[in-house]
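Colleague: The primary structure of each chain is shown beneath.
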Amino acid sequence: MTATTESLLQTLAEPAPATRRMGKPDDDAPLAVRVRDLVKRYRDGTEANRGIDLDVRRGEVVSILGPNGAGKTTFLRQLTTELLPTSGTVSIFDVDAIAEPERAKRAMGITPQEAGVFERLTVREHFELFARFRNLSKREARDAAREVIAELGLVPETEKLVGALSGGQRRRILIGLALLGRPPLLVLDEPTTGLDPSSRRTVWGVIRRAVTNGATVILSTHYMEEAERLSDRIGVIAAGRLIAIGTLDELLSRLERSYRLSYRDPLGDSCVCYYSSFVEAQRQIARDRLSEYSIARASLEDVYFALTGEQFDKDETGETA
Amino acid sequence: MKRMNDIACVFRIQLAGMRREAGPFLLAALVFPSAMYLFANAVGGADVGENRIRFLAGSIIFSLSLTSISWLGYLMLENRFTGRLKLFATLPLAPSSYVFGVLVFALAQAALGTTALLLVGRALGVNVHPNFALLIVVVFLTILCLCGIGVVVAARARSFSEGSLLTDTLGAGLIFLAPVYYAPEMMPQALRVFAKLLPTAFAARAVQTTLAGGHEIGIELLALCLTAAATLALGFKLMRWRED
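Residue numbers (our numbering), protein chains in the order written: chain A, 1 to 321; chain B, 1 to 244.
Please keep in mind that the hints were generated in silico from the structure rather than gathered at the bench. Note that the structure is predicted; figures quoted are calculated from it, not measured. It is possible that some hints are incorrect.
Unchecked claim - Derived list of chain B stretches under chain A, where covered just means 3 residues or more per stretch with a C-beta under 8 angstroms from a C-beta of chain A: (1) 13-21; (2) 197-209; (3) 227-233.
As the list claims (entries may be wrong) - In silico DSS-like pairs for lysine-lysine, Cα to Cα no more than 30 angstroms straight-line: (4) Lys160(A) with Lys237(B); (5) Lys138(A) with Lys160(A); (6) Lys138(A) with Lys2(B); (7) Lys2(B) with Lys86(B); (8) Lys2(B) with Lys196(B); (9) Lys138(A) with Lys86(B).
Beta carbons: idealized from backbone N, C-alpha and C, even for Gly.
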């Protein structure tokens, strides 16, 4: 092994410098969201959520990960009052969201996973008209619309009909609608799905600014990088249960073998093995005389794999999805 | 206050969307009923003054039916099946405010369509002496009644195609099945009682009487009130943001 390779391996072994956000909220900050024993059972007997408990403190960003069909969207839809739980309680800033959905929604900005936009309205009309539902005056609505349009990089599209926009631009409009009136809680269901990497980063910036301004954020995502970069805590839902929740470090510490060796076997197939120490991984390399390999500290992706038994695919942009 | 603001916002959103579709709107709410008026005149005989008023009243009801069941029903179906309704559902907005907003939009269209048809009638020499205050009440109740049907269909349809088929069928069917363009005596015996009970039949009789300068429409107004209350109550019950 050359010195350069050795040095590269050492670098890989270092924990990735996490692009953390504004700092973790106080542990004693009041609760923004309190969910207890949330169960959703459909008429056909399918249990989409099986007793989920979750507390989210004000100013906190919590990402929810999980395989397709694990119950993430069902959970968020119950949180946003769109879906009636079979049992359990949901409290949003101390308001019972099941009994008083409209009141609870006053505190929420919601981006559903899928929703339509009004194709015959311009971008500006969309934001100005929807801002009025947030009890903003005409002038405030105009200002809020201008601000959100600028934040989301939609200024050149301001006077365009929404029907003429691309899918990614429409997605940004849906995110922008959730931001109008600066609601204290943002619930974003896969906000950046379908966005190109540049737009994704724009949206991350918007979410960060919202948090800086005091917002609490709960989002579901299929992007590990998104969860790592934005979140104070990350939750994993599988088979309808919240099987893990914690900071990135807390989740990583759950892995007994936290060094990942990726290599190609003699047949050319990609293989991954986990070791409890860097030295142990190096021994394996020497023993098998591997020539094409890398060693890295385990990542969120590895934790996810360990918890759910599922790999994340690579999306079209080459990022982990 | 919040509710009034919400209703106004829903109305403005629908209006802003419709601005760019004025052509189809005019076709649906004005040109088609006007053409039906001319057609009925040609077939039924325009020489009798009473017939001409009946045809004009029928065309007004036809216009209201197209506006509220076909057009508005289609709009609400479109909102529901393209995910726009979900956008409203994310807001602190009561479902009833959404329905009222759409209803106000229908009333605005109805006012426009009815006024235009009255002008068309006058231009074609129909001799009417309407009590405008009473006519406004009749048109208002008719719209409430027919919109209720549109809301029920939009809320219950299992697919967009099923819903639009139903709104089209009801929008036109309630006109041609009821004695709107012709006297009830011209219908098959078996259908007469059923046809007389249709809301469009009451609405047509009320408009016809009002256009002729009469006031004796108490029963028609009561029937329209009851039907409006029933269909709207059902519509409000079915139009929910939250799924079970």
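Colleague: State whether the coverage of the segment 13-21 of chain B by chain A holds or is violated, taking the criterion as 3 or more residues with Cβ-Cβ distances under 8 angstroms.
Modeller: holds (count 7)
Colleague: Given the hint that Lys138(A) pairs with Lys160(A), does the C-alpha gap stay at or below 30 angstroms?
Modeller: holds (21 angstroms)
Colleague: Run the distance test for Lys160(A) versus Lys237(B): straight-line Cα separation, threshold 30 angstroms.
Modeller: violated (37 angstroms)
Colleague: Given the hinted pair Lys2(B) and Lys196(B), is their Cα-Cα distance within 30 angstroms?
Modeller: violated (41 angstroms)
Colleague: Against the 30 angstroms threshold, does the CA-CA distance of Lys2(B) and Lys86(B) hold or violate the hint?
Modeller: It holds: about 20 angstroms lies between the C-alpha atoms, which stays within 30 angstroms.
Colleague: According to a criterion of three or more residues whose C-beta lies within less than 8 angstroms of a C-beta of chain A, is the segment 227-233 of chain B covered?
Modeller: violated (count 0)
Colleague: Keeping to a limit of 30 angstroms between CA atoms, is the pair of Lys138(A) and Lys2(B) held or broken?
Modeller: Holds - the C-alpha atoms of Lys2(B) and Lys138(A) are around 14 angstroms apart, at most 30 angstroms.
Colleague: CA of Lys138(A) to CA of Lys86(B), is that 30 angstroms or under?
Modeller: Holds - the C-alpha atoms of Lys86(B) and Lys138(A) are around 24 angstroms apart, at most 30 angstroms.
Colleague: Apply the coverage criterion to the segment 197-209 of chain B and chain A: a residue qualifies when its Cβ sits closer than 8 angstroms to a Cβ of the chain, and three qualifying residues are needed.
Modeller: With 0 residues closer than 8 angstroms to chain A, the segment 197-209 of chain B misses the three-residue bar; violated.
Comparing the model with each earlier hint shows violations of hints 2, 3, 4 and 8; every other hint is respected.
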